[in-house]
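S.K.: This is what each chain is made of:
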Amino acid sequence: METGAFEADVLVIGGGLSGAWSAIGAARAGAQVILVDKGYVGTSGVAAAAGPGHWWVAPEQREAAIRQRLETAQGLGDADWMAQILDLTWRTLPTFAAYYRFPKDEAGQVQYRSLRGPEYLRGLRRLAMDLGVRILDHHPALELLQTHDGAIVGAAGQTRPGAEPWRVIAGAVVLASGGCAVGSRLHGSRNNTGDGHLMAAEAGADFSGMEFSAYYTVGPATLPNTRSMLFSFARYFDAAGRELDIPPGERVEPLAKALLEGPVFCTLDRTPEDIRAIMPSVQPNFMLGFDRAGVDPYTDRFEVTLLGEGTIRGVGGLRLRAIDGRTAVEGLYAVGDVASRERVTGAISGGGAVNSSWALSSGLLAGQAAASFARRAGRSSPLQVRALGRAGLRAQRQAATVDAADAIAAVRSEMNPYDKNLFRSGAGLSASQARLEQGWRYIADHGQALGDGALRLREAASMTAVARWCVASGLNRVESRGMHHRLDAPTKDSSLAKRLRSGGLDQVWTEYERPVARIEAA
Amino acid sequence: MIELIVKDRCTGCGDCVTACPTRVFDLTPDGPAIARQADCQTCFLCELYCPADALYVGPAYEPAGGIDAEMLLASGRLGQYRRDSGWGEWTDDPRHSDEHWRMGSIFARARAMAPSGDGGDKG
Chain A
1 METGAFEADV LVIGGGLSGA WSAIGAARAG AQVILVDKGY VGTSGVAAAA
51 GPGHWWVAPE QREAAIRQRL ETAQGLGDAD WMAQILDLTW RTLPTFAAYY
101 RFPKDEAGQV QYRSLRGPEY LRGLRRLAMD LGVRILDHHP ALELLQTHDG
151 AIVGAAGQTR PGAEPWRVIA GAVVLASGGC AVGSRLHGSR NNTGDGHLMA
201 AEAGADFSGM EFSAYYTVGP ATLPNTRSML FSFARYFDAA GRELDIPPGE
251 RVEPLAKALL EGPVFCTLDR TPEDIRAIMP SVQPNFMLGF DRAGVDPYTD
301 RFEVTLLGEG TIRGVGGLRL RAIDGRTAVE GLYAVGDVAS RERVTGAISG
351 GGAVNSSWAL SSGLLAGQAA ASFARRAGRS SPLQVRALGR AGLRAQRQAA
401 TVDAADAIAA VRSEMNPYDK NLFRSGAGLS ASQARLEQGW RYIADHGQAL
451 GDGALRLREA ASMTAVARWC VASGLNRVES RGMHHRLDAP TKDSSLAKRL
501 RSGGLDQVWT EYERPVARIE AA
Chain B
1 MIELIVKDRC TGCGDCVTAC PTRVFDLTPD GPAIARQADC QTCFLCELYC
51 PADALYVGPA YEPAGGIDAE MLLASGRLGQ YRRDSGWGEW TDDPRHSDEH
101 WRMGSIFARA RAMAPSGDGG DKG
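If you read the protein sequences in the order shown, they are chains A and B.
Residues 1 to 522 in the numbering used here are what the first sequence lists, from first letter to last.
Residues 1 to 123 in the numbering used here are what the second sequence lists, from first letter to last.
Source of the hints: derived by calculation from the structure; they are not laboratory data.
Among these hints, one or two may not hold up.
[Stated by the list, open to error] One-sided and incomplete, this derived list gives chain A residues near chain B with beta-carbon spacing under 7 angstroms:
#, residue
1, Arg160
2, Ala163
3, Asn285
4, Ala293
All of these numbers come straight from a predicted model, not from anything done at the bench.
All residues carry an ideal CB built from backbone N, CA and C; glycine is no exception.
Given the sequences, and given the hints that come with them, work out the whole structure.
M.R.: Quick look at the structure:
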């Protein structure tokens, strides 16, 4: 039945920023690389619909930047990791100039910091191909392959559409499957369903910082757009037209509170005229939805919402044992948003900038590390591997029809509402946990689908799994820190300035690490 | 959501079939067709990758319908994203140069106008 059987030194799963940089890093280290993506390398992943800025700091200003970041990290950051990603970003982007037309400002200074998503990914695709990376688009991965001694040696999946099976045997695997949007309508996140999280957990990997999964972005309620920059000029109104006291900026709690009361409308009329005029050249996709819906955001009032980002511009993900991406499982590396970013962002979001630098740096470093691991390990014969996929792929009990759309709606209804996920409480999280547990049990026991439906069911299982780790971690962190807010524990507990691990499939667990050896900023 | 392929413009190259991240289109003997509309994530990226400016993504998350090719051709919206992005024949047109780098200064203006808030900086 296997129509697509491939071999490589390094397999990279996911072709957004971090996956493309991984493939490039591994290829430059001399490895034969296969890069598989659920969609198309160039348009897949949240960066493609956005504009990744980077953490771009000149060497002489880095000490201060790191000091400031360590403070906002609230005890969970790591100065050494921050220094490494700042350095790699600074050294790497200028080398990308043959693949991206970096513009100059009025003074003739080349601008490296902030790239447009589609052009960035198009350039990364070209660079990867020039380095000999074999790209398999529309090849979603469904499960990892493991040898009897526990090492990960590849992955299997099926093409979309058509559900033709494929598998890649490789010396090492880099997971670059992105953060999990837990079913929200965040722009460009439809493929971000946590598949890599689930695959890694099935291999025995664990997570860190999953409680930091309460990040929300403002956007029009019915129009596709999460370029939020101009909302820094926003004014907000209730349904009766009364202006609301909601300061524009990072803190979304005031807006979330207003939204819990009723619909909220917005206008961007404070945006200066000169900025309006250049917006099509700054963010060419910003106006598309507004314009086509006949809404002038600079004069009209349009309804807004907050889009949940789950772990995308949240923080949590696979726990790394070193900055080179190694996980708890031999032969398995993780990069970008599927990995925990606590060491570089701490308890607050890395926003676009730190996360993009993390994607670039962790990608390059893990690509290199996976290449040298693969060289040492060699490739194993396909006869000796077993496929690890369970929930949604192989029913543990009698197979039955499980409606993937219903299962995803169930996850959304626990992870997106502000009153559950943004304003958390022990009682609320416990109730969510019980419902998610039930959903998980049903998918794991009975979920099995054929053809194209298998992918969606696996996505539903993955989102449910991610939500369980997020909720269990939120329950165990009985305090408020960074983006994790507990109404029943509204202050920071200085004894909890430590990272929280989580994992498990049949039985979810959480466990604190020892405190980070650093006195927390006051 | 993807609404329409303007047949008069479509050259049948199939670039949209390849570029769509959620594999909404199929290549048929009659050229690309919208095969799985419900999978569309409304990211507009197919329009960017269509050199013939033959695709139209509507502004809503749900199919709107009622859109015909003539209306679209008259609207000037076909190819708008590709043009504003300076792709293809617009590559060296100074009216469509890449000013994405100005985001930093735009955020700074917002911060200056909002003394109480921090203005944010996240893209």
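S.K.: Check the structure against each numbered hint from earlier and tell me which ones fail, lowest number first.
M.R.: Hint 2 is the one this structure does not satisfy, whereas the remaining hints hold.
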